Amino acid sequence: NAGVTQTPKFQVLKTGQSMTLQCAQDMNHNSMYWYRQDPGMGLRLIYYSASEGTTDKGEVPNGYNVSRLNKREFSLRLESAAPSQTSVYFCASSENDGTSTDTQYFGPGTRLTVL
Amino acid sequence: TQLLEQSPQFLSIQEGENLTVYCNSSSVFSSLQWYRQEPGEGPVLLVTVVTGGEVKKLKRLTFQFGDARKDSSLHITAAQPGDTGLYLCAGDKDSNYQLIWGAGTKLIIKP
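Chains as they are written, first to last, in the numbering used here: chain B, 83 to 197; chain V, 8 to 118.
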């Protein structure tokens, strides 16, 4: 099993350009998440999808949109990239069986630089 | 304001030494998790603690959840270079899918 896969691994954008980050999981998990990680700030939740067909805003959703394409795939779109969006982006998934001990499984990350 | 404060932010020690890192909050959590992240990779779960006062051991790593479920510690005995990484704690506050993450402790174990 590949677990959680993300593409691309690296990306450089100019201010104002758009792009979509792709994420897929093969663990039949119900929930999927997009985080950004910045130095000294830990992981911050951008958007999450509790189950197929639903999406909700996290802590820092401004400037981003998401699509839960099916149970496997959850994409993150930057419509007009800004230098403040330079970060490492992680996708994660979890079974979400209703308990409080849900484990999140992370992809390898996408390193995005906006010039 | 970080809801989960991790300390120290950075720790560099020699192989064989013992160490403890902390994850503190003024809020109560229903559970708390510790993840380890290596450079260029995503975090990987080490342990989940659920009950106040709970102690879990994973080989040389000992995790403790505070009695009031507001804080946690990770103790490593006889640290090895393979323990190097960023240690993150994450708390489940309201069970609404949103974990609260600490900023992490960057640990370097020198051979």
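Errors might be hidden in some of the hints.
[Claimed, not checked] Straight-line Cα separation of at most 20 angstroms, EDC-like style, residue types lysine to aspartate or glutamate; simulated pairs:
1. 139(B) x 22(V)
2. 91(B) x 12(V)
3. 100(V) x 141(B)
4. 117(V) x 12(V)
5. 100(V) x 12(V)
6. 100(V) x 134(B)
7. 91(B) x 22(V)
8. 113(V) x 120(B)
9. 100(V) x 177(B)
No wet-lab data here; the hints were simulated from the structure.
Since we're looking at a predicted model, the values are computed, not measured.
Each hint tested on the structure:
no., hint, verdict
1, 139(B) x 22(V), "violated, 43 angstroms"
2, 91(B) x 12(V), "violated, 30 angstroms"
3, 100(V) x 141(B), "holds, 14 angstroms"
4, 117(V) x 12(V), "violated, 25 angstroms"
5, 100(V) x 12(V), "holds, 15 angstroms"
6, 100(V) x 134(B), "violated, 23 angstroms"
7, 91(B) x 22(V), "violated, 33 angstroms"
8, 113(V) x 120(B), "holds, 14 angstroms"
9, 100(V) x 177(B), "holds, 18 angstroms"
Hints 1, 2, 4, 6, 7, counting from the list given before, are not met by this structure.
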